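Given only the sequences and the hints, what does the whole structure look like? Please build it.
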Amino acid sequence: MGILLETKLLSKRFNGFSALRGVNLSIKAGDIHAVIGPNGAGKTTLFNLLSGVYRCTEGMIVFLDKEITHLKPFQISIMGMARTFQNICLFPQMTVCENVMVGRHAYHETNLFKVFLRPPFAKLASETKIRKRAEEMLDFVGLHEKRAQLASSLPYGDQRRLEIARALATEPKLLLLDEPAAGMNPYETEGVLELIRKIESQGISILLIEHDMKLVMGIARRITVLNFGEKIAEGTAEEIQNDPKVIEAYLGSE
Amino acid sequence: MSPYTESILIFIGINTILAYSFYIPMTTNQISGGQGAFMGIGAYFSAAMTVNYHIPFPVALVASGVMAGLVGVLVGFPALRIRGLYLVIMTLGFAEVVRVFFLTSEYFGAAYGFSKIQELTTLTNVAIVLGLIIFVVHRLESSYLGRALEAIKENDLAAETLGVNITKLKVLMFGFGAMVAGLGGALYAHYALFIDSNNFGFHRSIEMVIFAIFGGVTSLWGPPIGAAILTLFPEMLRFIQEWRMVFYGLLMILMMTFRPQGLVTKNMFRNMLSRKGRQEVGDPA
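These protein sequences, in sequence, are chains A and B. Per the numbering used here: the first sequence = residues 1 to 254. Per the numbering used here: the second sequence = residues 1 to 285.
Treat the hints as calculated values from the structure; they're not laboratory data. The structure presented is a predicted model; accordingly, all values stated were derived computationally and were not measured. Don't be surprised by glycine CBs; every beta carbon is placed ideally from N, CA and C. A hint or two may mislead.
[Said to hold, decoys possible] Cut-off 27 Å, straight-line C-alpha distance, at most; resulting in silico cross-link-like pairs (DSSO-like, lysine-lysine):
hint: 1; chain 1: A; residue 1: K114; chain 2: B; residue 2: K116
hint: 2; chain 1: B; residue 1: K168; chain 2: A; residue 2: K146
hint: 3; chain 1: A; residue 1: K129; chain 2: B; residue 2: K116
hint: 4; chain 1: B; residue 1: K153; chain 2: A; residue 2: K132
hint: 5; chain 1: B; residue 1: K266; chain 2: A; residue 2: K114
hint: 6; chain 1: B; residue 1: K168; chain 2: A; residue 2: K114
hint: 7; chain 1: A; residue 1: K146; chain 2: A; residue 2: K198
hint: 8; chain 1: A; residue 1: K129; chain 2: A; residue 2: K114
hint: 9; chain 1: B; residue 1: K168; chain 2: A; residue 2: K66
hint: 10; chain 1: B; residue 1: K168; chain 2: A; residue 2: K72
hint: 11; chain 1: A; residue 1: K173; chain 2: A; residue 2: K66
[Said to hold, decoys possible] Not close to chain B: a few residues of chain A, all C-beta gaps over 12 Å, as computed:
hint: 12; residue: M79
hint: 13; residue: F116
hint: 14; residue: S152
hint: 15; residue: E171
Written out as structure tokens, the structure is:
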């Protein structure tokens, strides 16, 4: 299988503080790849660099054989990379369905004549299509019956699901999930696990940050371990669990 | 219609246009404290065109609106990086620069102001301009672009990672707001017949903010309602003379205490619709 995403010597410094140092990463198409590491290891910084929210200080990012290092977040999104956020970033005063519809922004026919000169009360043809597609996404994550509620009225677990549905609406090839099971009970975590498998079966590759080791070990085919901004190990769950450097990073040295 | 009623209606119309000029950038969470400057640009340039070059008013009106809009786009780019209160301060600073420019520019009459402007603003052309603005804003808001604007307002980072070009939309809306202020300024100039730089200073900018906030900045119908009430209120209190501004102030205090979100809100219409037993729950109308 081909390489979907690759980073070469990716570094990020904030006013002298080195958040990420020379990270090489490659994600194969169709994989579920996890990034783990103690707090402050640079996991979320990595996500922000990949999705274009931050500009890297050094290094490059290649996605689908094209360099995306200096592209803006919306361009990267249109290329087929979507993400969720560690601290949920929904549009709270919009309905559940509208939240997902924003994810299909790039799929609208951009014809200003049609926007401004359509007859009163007539909807754009693409609008109906997009609503339908958004409802399919909501069905996929199990939020269909809550589609008319305001996003802010959803319970925490559903808000995470909604964020995933919204990201899926962009039809990504790669989905970045930043701690999708954070703050969830074991039952809800199981649900997230199921959802991730379902997304994978759609042929979408997943890059995942997660603290819940049970979840990571149970689902990730490849794991990258970051510590203090550097990659210290990479491999399968089994390899990682027995790596002395990883054990040291998590438990401290003897 | 008595000339008095007509003049009140014209002022309500112009003030509504000015309220929209604050409302429009606000749809992407850009709070401008300097819309008076764009109004000034529209007023001075349209006046110069009709008085010095005898250009027909409709042409001068459109041209000065476009002019203000272009300046708005120029200001819109640095404004992208600045948020909230900081943007208010930045636009205030810009407005002061523009005000002093008109105060010192000999061509525009400097401290004497610009006079001998013909009375070309009528209720009809105010209504046409206002109608067009409402039409365009309504079309925009009821389309996918409106949803993108709302998303930017709620969380611009999330919107951008979902494929929304927030730079383009923010600059566009800032420019559009400036253009609307310019149109309002041109209509004002040809009704007031005399303008000087003090007409477009801090006080004017804040007045525009108040009209919009009072009516509500989450609904298209907020600005006209805010502008209408706040234009009529001091008129109705004319009999108490100087004291009327005290009541105007009290109204502000009461409003911000009991209904800070403005008189009209987006979800108010939404709730009214759903209470009518609208079954199609997936449709947020």
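Hint check:
1. A:K114 / B:K116: 43 Å, violated
2. B:K168 / A:K146: 32 Å, violated
3. A:K129 / B:K116: Between K129 of chain A and K116 of chain B the Cα gap is close to 57 Å, so the pair fails against 27 Å, i.e. violated.
4. B:K153 / A:K132: Within the cut-off at roughly 24 Å; holds.
5. B:K266 / A:K114: Status holds; Cα separation ~24 Å.
6. B:K168 / A:K114: OK: K168 of chain B and K114 of chain A at ~19 Å, within 27 Å.
7. A:K146 / A:K198: 20 Å, holds
8. A:K129 / A:K114: OK: K129 of chain A and K114 of chain A at ~15 Å, within 27 Å.
9. B:K168 / A:K66: Cα-Cα ~24 Å, so holds.
10. B:K168 / A:K72: The given pair, whose Cα atoms are some 12 Å apart, holds under the 27 Å limit.
11. A:K173 / A:K66: Within the cut-off at roughly 14 Å; holds.
12. M79: At roughly 10 Å from the nearest Cβ of chain B, M79 of chain A sits no farther out than 12 Å, so the non-interface label is violated.
13. F116: For F116 of chain A, whose nearest Cβ neighbour in chain B is about 5 Å away, the distance does not exceed 12 Å, so it is violated.
14. S152: 10 Å, violated
15. E171: E171 of chain A is in fact no farther than 12 Å from some Cβ atom of chain B, at 10 Å.
Checked against the numbered hints above, the structure violates hints 1, 2, 3, 12, 13, 14 and 15; every other hint is satisfied.
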